[in-house]
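Protein chains in written order, with the numbering used here: chain A, 12 to 324; chain B, 308 to 715.
In short, the hints are calculated from the structure, not lab data. A quick note: this is a predicted structure, and the numbers were derived from the prediction, not measured. Backbone N, C-alpha and C define an ideal beta-carbon position, used for all residues, glycine too. Mixed in with the good hints there might be a few duds.
Cut-off 25 Å, straight-line C-alpha distance, at most; resulting in silico cross-link-like pairs (DSS-like, lysine-lysine) [as the list claims (entries may be wrong)]:
1) Lys108/A <-> Lys226/A
2) Lys596/B <-> Lys108/A
3) Lys107/A <-> Lys501/B
4) Lys621/B <-> Lys596/B
5) Lys557/B <-> Lys611/B
6) Lys107/A <-> Lys596/B
7) Lys186/A <-> Lys107/A
8) Lys356/B <-> Lys226/A
9) Lys356/B <-> Lys117/A
10) Lys308/A <-> Lys186/A
11) Lys108/A <-> Lys358/B
12) Lys190/A <-> Lys200/A
13) Lys108/A <-> Lys557/B
14) Lys281/A <-> Lys307/A
15) Lys589/B <-> Lys712/B
16) Lys117/A <-> Lys358/B
Here are some chain A residues the structure puts well away from chain B; computed CB gaps all over 10 Å [as the list claims (entries may be wrong)]:
17) Leu83
18) Lys281
19) Ile322
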Amino acid sequence: MQSDHTAYKRIKDISRDEFILPGTTVCAGCGGLEALRLAHKVLGNNVVFVNAAGCFTLLALFPYSPFKGSWLYTNMASAPAGAQGIRDALDILIEKKRLRPEEDLKVIVLAGDGSTYDMALSATSGAIYRNLDFYYFCYDNEAYGNTGMQMSSASPLGAKTTTSIPDEQSPMGTKFHKKDIFEIWRAHKPPYIATISPRHPVDLSEKFRRSMQFKGPKLFIALSPCPTGWLYDPSHSAKIARLAVETGIWALKEAVFGETIHTYIPSKLKPVEEYLSVQGRFSHLFVPVRQDETIKKIQDEINYYWNHTEIQK
Amino acid sequence: MARELLTGNAAAAWGVRLADVDYVPAFPITPQTEIIETLSGWYSDGTMKGKFVTMDSEHSMLTAAGAASATGARVFTATSSQGLLYAFEVLYSVAGWRVPLVMVNVSRALSSPITLEPDHNDILSARDCGFLQIHTETCQEVLDSVIMSYKLAEDRRVLLPVLVNLDGYYLSFTREPVEIPDADKVKDFLPQYKPDHASFHASGPMAQGLAVLGGYIYSYFKYQMHLASLNALSVHEEIAEEFYNLFGRKYGVVEEYKLDDAEYVLIMSNTFATKGKAAVEKFREIGCKVGLLRLRVVRPLPTKKIQDILKNRKGTAVIDQNISIGYGGIFYSEIAALMCNEANKPVILSFICGLGGKDISMKEFQKILDDTINASLTGNIPGTQLLYTDVEWAKMKHLLDVAGKPVI
Ligand SMILES: Cc1ncc(C[n+]2csc(CCOP(=O)(O)OP(=O)(O)O)c2C)c(N)n1
Ligand code: SF4
Chain A
12 MQSDHTAYKR
22 IKDISRDEFI
32 LPGTTVCAGC
42 GGLEALRLAH
52 KVLGNNVVFV
62 NAAGCFTLLA
72 LFPYSPFKGS
82 WLYTNMASAP
92 AGAQGIRDAL
102 DILIEKKRLR
112 PEEDLKVIVL
122 AGDGSTYDMA
132 LSATSGAIYR
142 NLDFYYFCYD
152 NEAYGNTGMQ
162 MSSASPLGAK
172 TTTSIPDEQS
182 PMGTKFHKKD
192 IFEIWRAHKP
202 PYIATISPRH
212 PVDLSEKFRR
222 SMQFKGPKLF
232 IALSPCPTGW
242 LYDPSHSAKI
252 ARLAVETGIW
262 ALKEAVFGET
272 IHTYIPSKLK
282 PVEEYLSVQG
292 RFSHLFVPVR
302 QDETIKKIQD
312 EINYYWNHTE
322 IQK
Chain B
308 MARELLTGNA
318 AAAWGVRLAD
328 VDYVPAFPIT
338 PQTEIIETLS
348 GWYSDGTMKG
358 KFVTMDSEHS
368 MLTAAGAASA
378 TGARVFTATS
388 SQGLLYAFEV
398 LYSVAGWRVP
408 LVMVNVSRAL
418 SSPITLEPDH
428 NDILSARDCG
438 FLQIHTETCQ
448 EVLDSVIMSY
458 KLAEDRRVLL
468 PVLVNLDGYY
478 LSFTREPVEI
488 PDADKVKDFL
498 PQYKPDHASF
508 HASGPMAQGL
518 AVLGGYIYSY
528 FKYQMHLASL
538 NALSVHEEIA
548 EEFYNLFGRK
558 YGVVEEYKLD
568 DAEYVLIMSN
578 TFATKGKAAV
588 EKFREIGCKV
598 GLLRLRVVRP
608 LPTKKIQDIL
618 KNRKGTAVID
628 QNISIGYGGI
638 FYSEIAALMC
648 NEANKPVILS
658 FICGLGGKDI
668 SMKEFQKILD
678 DTINASLTGN
688 IPGTQLLYTD
698 VEWAKMKHLL
708 DVAGKPVI
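Assemble the whole structure, with the sequences as input and the hints as a guide.
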């Protein structure tokens with residue numbers, strides 16, 4: 012069943028139907044799955060997921076799948092191209108009257124940040140360039156999760172990953188800055204891009220709803236708190252997702268044909284320390300010696316963003 | 308039916324057009340480009356109905372092709388050389404999806420050093436992925452094989468994608484008179500694709516390519532692919548018979564040329580087999596009983612058929628246009644392996660020629676025959692030999708000299 016809301020204003024506007032059945036193979040407290048669960052409520056049943064290698068690949072594990080819709084596992088670098096093939100084939104078959112229009116599907120790429128920011132960037136750029144009519148759902152856990160939390164180009168400055176372990180050379184852990192995939196996508200001027208968070212379900216639902224009016228690429232980046240890789244107790248996922256938004260490290264925004272607006276502006280930014288200090292992946296910034304310089308660098312970046320971006324609501 | 312002068316590339320495009328293909332995702336690479344340019348033109352002027360789309364790489368191109376095929380469209384794509392290798396992981400994915408895609412590979416040697424000229428290391432690197440392989444000798448065979456490949460791939464007993472191979476330059480750009488079959492007749496032979504095993508649509512959710520954990524599950528699926536591939540041999544025979552009845556041209560899984568009384572057999576593939584046949588004629592003129600076995604369906608390899616042909620012969624020379632670095636000829640190793648348990652087997656010699664487009668001369672064929680006869684008489688079987696003429700060696704020495712490199 013598809014939710015028929017004209018707009019999402021309150022939590023109770025969100026459908027109570029579940030589109031992902033319980034008992035999946037992902038970790039307890041996975042923020043990415045929660046974001047997908049919410050998104051699916053808006054997208055409805057008639058979907059085909061085109062998946063790139065990552066944690067969520069194991070959601071469909073022979074002979075089981077938690078989805079009522081369809082699924083194609085492609086490769087780590089080419090899920091958007093798989094979406095192209097399916098979308099084109101559906102269009103052709105409907106046009107040639109070999110498929111009834113009611114049989115049409117929404118085509119949704121489902122990929123982690125490693126695939127999204129690194130390996131499949133060329134395939135994604137190509138799909139946006141061709142104005143492919145599809146949804147792209149990136150669950151961003153800020154590392155290569157499925158292979159054991161190695162650094163990806165979405166890993167934030169100062170995070171510990173298994174390939175950016177804090178040491179004498181680089182005590183802050185990850186020394187690179189997270190790629191700004193939103194801006195990379197925005198430069199392509201697709202009809203719709205948004206950042207989302209599993210702890211802002213109304214905002215998330217409303218964005219998916221709004222995106223549906225556009226034919227063309229509809230791209231979503233879900234910040235996906237990951238107990239396994241971010242090293243915290245699974246019960247804290249919701250709190251951490253909220254802190255990411257309240258500290259301003261994860262800005263909730265959308266861009267329609269390249270014009271950005273922020274859909275939520277924290278009235279006063281909480282210090283980023285509150286977000287960092289509750290995750291094991293940043294613990295080296297606090298003990299045994301506090302790395303004030305790195306913490307300040309992270310805070311300065313956030314401040315710079317909120318002070319220097321033209322923030323429109 | 309019309310008769311036209313077509314290049315191998317144009318013949319491939321005609322095969323696609325007559326097969327009424329719905330969808331072609333493409334990426335350019337020399338010497339394949341003429342195929343996709345031709346198809347692009349036909350889709351844009353309305354000659355062909357469906358869609359041609361330019362992709363960002365062969366990796367993407369093959370993913371799109373496989374996914375469209377899994378959705379239920381009839382799909383074609385083409386590549387060559389580095390492009391085939393760039394798509395390599397996707398070859399395995401698509402074959403595992405069990406979708407009836409047809410792809411042409413126009414053979415070109417692999418980097419490094421980079422070259423544009425042909426040999427078969429590109430296509431043979433894809434031997435084990437699950438795509439069936441058909442290697443062609445003439446422009447006519449290219450056209451016919453593309454049409455036949457859809458019928459083969461879409462057969463319920465097979466359901467595996469097919470790679471149709473043709474030599475770059477030697478065939479891609481050579482014009483030959485080609486019979487273009489009537490579209491209606493082709494429709495009788497190859498009706499519209501109606502997928503009943505894999506198609507994405509709302510009323511029948513399907514999970515495709517999903518993860519398996521447990522080697523016994525993985526082994527099951529891989530073995531199913533293997534069995535289906537073996538089925539392709541008898542299905543090919545049926546299809547070839549039907550094709551012959553409709554169009555008058557017959558294709559076997561291998562081609563047997565003057566083999567009836569042959570004591571010595573040359574084994575070759577693709578366009579160089581034409582040169583091989585000319586050599587056979589010359590040897591026959593001087594009373595030497597030589598024949599040629601051309602490998603056409605290379606995956607599945609018709610092992611029983613080849614065993615039957617080769618046993619009781621005196622000598623066989625396998626002429627490879629490829630090199631497995633650190634081993635030698637790839638076809639040689641396969642032929643030697645399939646004969647290893649045969650009782651009356653010939654001596655089997657290995658020659659490599661045609662790497663990176665290097666030609667093969669009558670003088671070299673003479674050496675091949677002399678060595679093979681000698682080995683069958685003496686039992687002294689030489690190791691793999693790379694054919695190289697004195698003239699070529701003299702020229703190479705000169706080039707090394709110009710490059711300021713020591714000659715070794
Ligand atoms: C071509 C290729 N290289 C490497 C891998 C191994 N691999 C599987 S999942 C994965 C991590 C993917 O990371 P990301 O996209 O961030 O998704 P996550 O695992 O975090 O869900 C990697 C590297 C692969 N499947 N394919
Ligand atoms: S590792 Fe992280 S992102 Fe992956 S399933 Fe577990 S919680 Fe989710």
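Review point. Once the closest CB in chain B is found, is it more than 10 Å from Leu83/A?
Key: 5 Å, violated
**Study point:** 25 Å Cα cutoff - pair Lys589/B, Lys712/B
**Key:** 40 Å, violated
Review point. Given the hint that Lys356/B pairs with Lys226/A, does the C-alpha gap stay at or below 25 Å?
Key: 23 Å, holds
Point to revise | Hinted pair Lys190/A and Lys200/A, Cα distance within 25 Å | key: 18 Å, holds
Review point. Given the hinted pair Lys557/B and Lys611/B, is their alpha-carbon gap at most 25 Å?
Key: 20 Å, holds
Check your understanding: Is Lys108/A close enough to Lys557/B, meaning Cα to Cα at most 25 Å?
Key -> 35 Å, violated
**Study point:** Given pair status - Lys596/B, Lys621/B, alpha carbons within 25 Å
**Key:** 10 Å, holds
Practice item. Could you grab the alpha-carbon distance between Lys281/A and Lys307/A and see if it respects the 25 Å cut-off? Key: 14 Å, holds
Practice item. Beyond 10 Å from every chain B Cβ: check whether that's true for Lys281/A. Key: Consistent with the label, Lys281/A stays out of reach of chain B, its closest Cβ about 40 Å off (over 10 Å).
Check your understanding: Taking only the CA atoms, is the gap from Lys356/B to Lys117/A under or equal to 25 Å?
Key -> Given that 25 Å is the threshold and the Cα spacing comes to 23 Å, the pair holds.
**Study point:** Restraint check for Lys308/A with Lys186/A, where alpha carbons must lie at most 25 Å apart
**Key:** Holds, at about 11 Å.
Check your understanding: Lys596/B and Lys108/A: Cα distance at most 25 Å?
Key -> 59 Å, violated
Hints 2, 6, 7, 13, 15, 17 from the list above are not met by this structure, while the remaining hints are.
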